[in-house]
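Undergrad: The listed protein sequences correspond, in order, to chains A and B. Numbering (the numbering used here) for the first sequence: 1 to 331. Numbering (the numbering used here) for the second sequence: 1 to 321.
One or more of the hints may lead you astray.
Only some residues are given here: those of chain A computed to face chain B with a beta carbon under 10 Å [claimed, not checked]:
id: 1; residue: 68
id: 2; residue: 121
id: 3; residue: 148
id: 4; residue: 157
id: 5; residue: 286
Pairwise CB distance ranges (calculated) [what the hints assert, rightly or not]:
id: 6; chain 1: A; residue 1: 52; chain 2: B; residue 2: 140; range: 16 to 22 Å
id: 7; chain 1: B; residue 1: 223; chain 2: A; residue 2: 312; range: 42 to 48 Å
id: 8; chain 1: A; residue 1: 239; chain 2: B; residue 2: 90; range: 42 to 48 Å
id: 9; chain 1: A; residue 1: 320; chain 2: B; residue 2: 79; range: 56 to 62 Å
Derived by calculation from the structure, the hints in this document are not laboratory data. Heads up, the beta-carbon is just placed ideally off N, CA and C, and yes, glycines get one too.
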Amino acid sequence: MTTYLSTGRQAAAPPGPAAGPPPTKQPPPRRQRDNRWGRYRQWGPGLLLISPSLLLLGVFVYGFLGWNVRVSFTSWRGLTPKYDFVWLQNYTALWNDERWMIDVRNIAIFTLVFVIGSMGLGFIMAVLLEPGVRGENIMRSVFLLPMAISFIATAIVWRWLLDNGTGENTTGLNQLFANLGLEFLRSDWHKSTSGWAVAAMALPAGWTLAGYVMTMFLAGMRGVPDSLREAARLDGASERQVFWYVTRPTIRPVGLSIVLILVHVSLKTFDLMYAIDQRNVKIDTPSLYMWFTTFDGGFYNRGATIATLLLFGVVLVIGPYIWFAVRSERT
Amino acid sequence: MTRPDHPTTRPTPPLAPGPYPTSPGSGTAMLRAKPREEAKAPRFRLPMTMIRYVALYGLACFFLMPVYLLIITALKDPVDVAATRMWELPTSLSIDSFRAVIPTLSGGFKNSLILAVPASIISAILGSANGFVLAKWRFPGANIVFPLVLFGIFVPYQAVLIPLVRTMTAAGLRGANDPTGGLRGLVLVHIIYGLPITTLIFRNFFASLPASLIESSQVDGAGLLQTFFDVAMPLAKPAFAVAIIWQFTAVWNDFLFGAVMSGSGAWPITIALNNITGGQSVPFNEAMAGALLACIPTVGVYILLGRYFLRGVMAGTLQGS
Chain A
1 MTTYLSTGRQ AAAPPGPAAG PPPTKQPPPR RQRDNRWGRY RQWGPGLLLI
51 SPSLLLLGVF VYGFLGWNVR VSFTSWRGLT PKYDFVWLQN YTALWNDERW
101 MIDVRNIAIF TLVFVIGSMG LGFIMAVLLE PGVRGENIMR SVFLLPMAIS
151 FIATAIVWRW LLDNGTGENT TGLNQLFANL GLEFLRSDWH KSTSGWAVAA
201 MALPAGWTLA GYVMTMFLAG MRGVPDSLRE AARLDGASER QVFWYVTRPT
251 IRPVGLSIVL ILVHVSLKTF DLMYAIDQRN VKIDTPSLYM WFTTFDGGFY
301 NRGATIATLL LFGVVLVIGP YIWFAVRSER T
Chain B
1 MTRPDHPTTR PTPPLAPGPY PTSPGSGTAM LRAKPREEAK APRFRLPMTM
51 IRYVALYGLA CFFLMPVYLL IITALKDPVD VAATRMWELP TSLSIDSFRA
101 VIPTLSGGFK NSLILAVPAS IISAILGSAN GFVLAKWRFP GANIVFPLVL
151 FGIFVPYQAV LIPLVRTMTA AGLRGANDPT GGLRGLVLVH IIYGLPITTL
201 IFRNFFASLP ASLIESSQVD GAGLLQTFFD VAMPLAKPAF AVAIIWQFTA
251 VWNDFLFGAV MSGSGAWPIT IALNNITGGQ SVPFNEAMAG ALLACIPTVG
301 VYILLGRYFL RGVMAGTLQG S
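Use the sequences and the hints to build the structure in full.
TA: This is the structure we're talking about:
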């Protein structure tokens, strides 16, 4: 677990009396109050320096999250805010909402395909790169490049790559497949009538994030000490066994982290679908529904409810992740 | 860049992932390949190596395919452009597509620069102070505050949008309520929501510095601010590079905040790009030229300063240091 947050604990020993101001200036700690004041002088300025940021984050993150949850319990529609209390009415209404049910199904399919696809592709790339190849830096840069490109620009290209024109109008990936004699791969992508149409969105999303997965796995694999693998080889382990019994257990925590991060990315994905085909309910997701129902429809209550459920999903995935990351650092 | 392409030519032991590099050159140390003794490699390796190379080049083609399409389409003569012939190389080069989109995108480009430069710098400065305090000048409760700040990196922004819109409208910092069309408010929003990640980047950086640096400064009688400005800040240049580059990329590529906050004159590049080239009526070559223009700053930074970008990527997911 060494690749988590670098340890600040041991290094950050509290500045004790040994490191404090010269003893001549120190008043003798006769009473408890003096002691407390002395300790305050140690950490007070730090807290003061950080407090504007904490205040801003407190209001803009936690204050707003709370406010949003409050809105999800109201019947606020239209431009005038209304802060009544309707219990869980908005939540129960969602489960009778056809579009919401489609969205839940879509986000589940998208998450599944996107996470498994990116993990698989990124892992394969890391395994291929791990022994070191000529031009590795360039390869790595190419694989990570999409992360520097906005989802909007990505969507503009992929909208054409995922075009579903037929016959004369065949273009994009389908045309590429036809040219390579791979017609059987032809697909209508996100415009397909299949219930799995949203899975096509995993292609641009995976294109963006597979390089990140590769980077994390590569760092994890290269963190495995050679002596461990050497010892296994001396004991007669085959390369496959070395991978399975030495490398795999050490990169498992990395793999788990990537899965959690990708699931959270997937829950939040918004720009990509918005820019590729925003009115296509086949690729509609909760984050898009929240946007349209709130800012186009004026259903603030429903928007806040969807946002609260999204928050709940992210907390469920990221909460334990942060907890483990912080805890593993302390040990 | 940092590692010679031939691992065997450099027999230095690999650096374990851990201490934050204080010299910019070692930014990707954790990814460095280990030197191998090629002579020991068994015979069956040769075909395996070939398969590896073929697979890697194939994957590189897949990753570059959209980039190829973007570049060749943007450079084609508009009369030469047809969606059904999109994979063909241009017969002649032309910058007419760029000429067509530049007038409509230049405003967005400028707005994004006005947003991204101050937002990333201010966010990094505030983050450096927070990171320093959380790493080296801990206060009671810091163990609770730090994870709460971290969660700010992952928060789904949809869950703050409604309150944000109400607050910024009331404060006269959003859209038509703001003389700058919402740009001021948008800078503020990007600074605030950038704080968690910049705080983390600097906190990890300062945690990797030895405690003795801070202690000796204190023995010399320096207080918190003096230690921070005279000792910590000058050492933190690589962390500033990571934080500013990461924030610049995040702000430049942001869509959601820009969409709720900005009025039509203040659209950042992503909004302008989506609104102008999003419709089906816009020629395909112009959409591509616009997308290419919109990528240039972030991709340029990525190509020139990739190792800092990489550190930001790792930090953003609580990995690495």
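Undergrad: A separate judgement is required for each hint: does it hold in the structure or not?
TA: Hint check:
no.: 1; hint: 68; verdict: holds (5 Å)
no.: 2; hint: 121; verdict: holds (8 Å)
no.: 3; hint: 148; verdict: holds (4 Å)
no.: 4; hint: 157; verdict: holds (4 Å)
no.: 5; hint: 286; verdict: holds (8 Å)
no.: 6; hint: A:52 / B:140: 16 to 22 Å; verdict: holds (19 Å)
no.: 7; hint: B:223 / A:312: 42 to 48 Å; verdict: holds (44 Å)
no.: 8; hint: A:239 / B:90: 42 to 48 Å; verdict: holds (47 Å)
no.: 9; hint: A:320 / B:79: 56 to 62 Å; verdict: holds (57 Å)
Every hint, counting from the list given before, is met by this structure.
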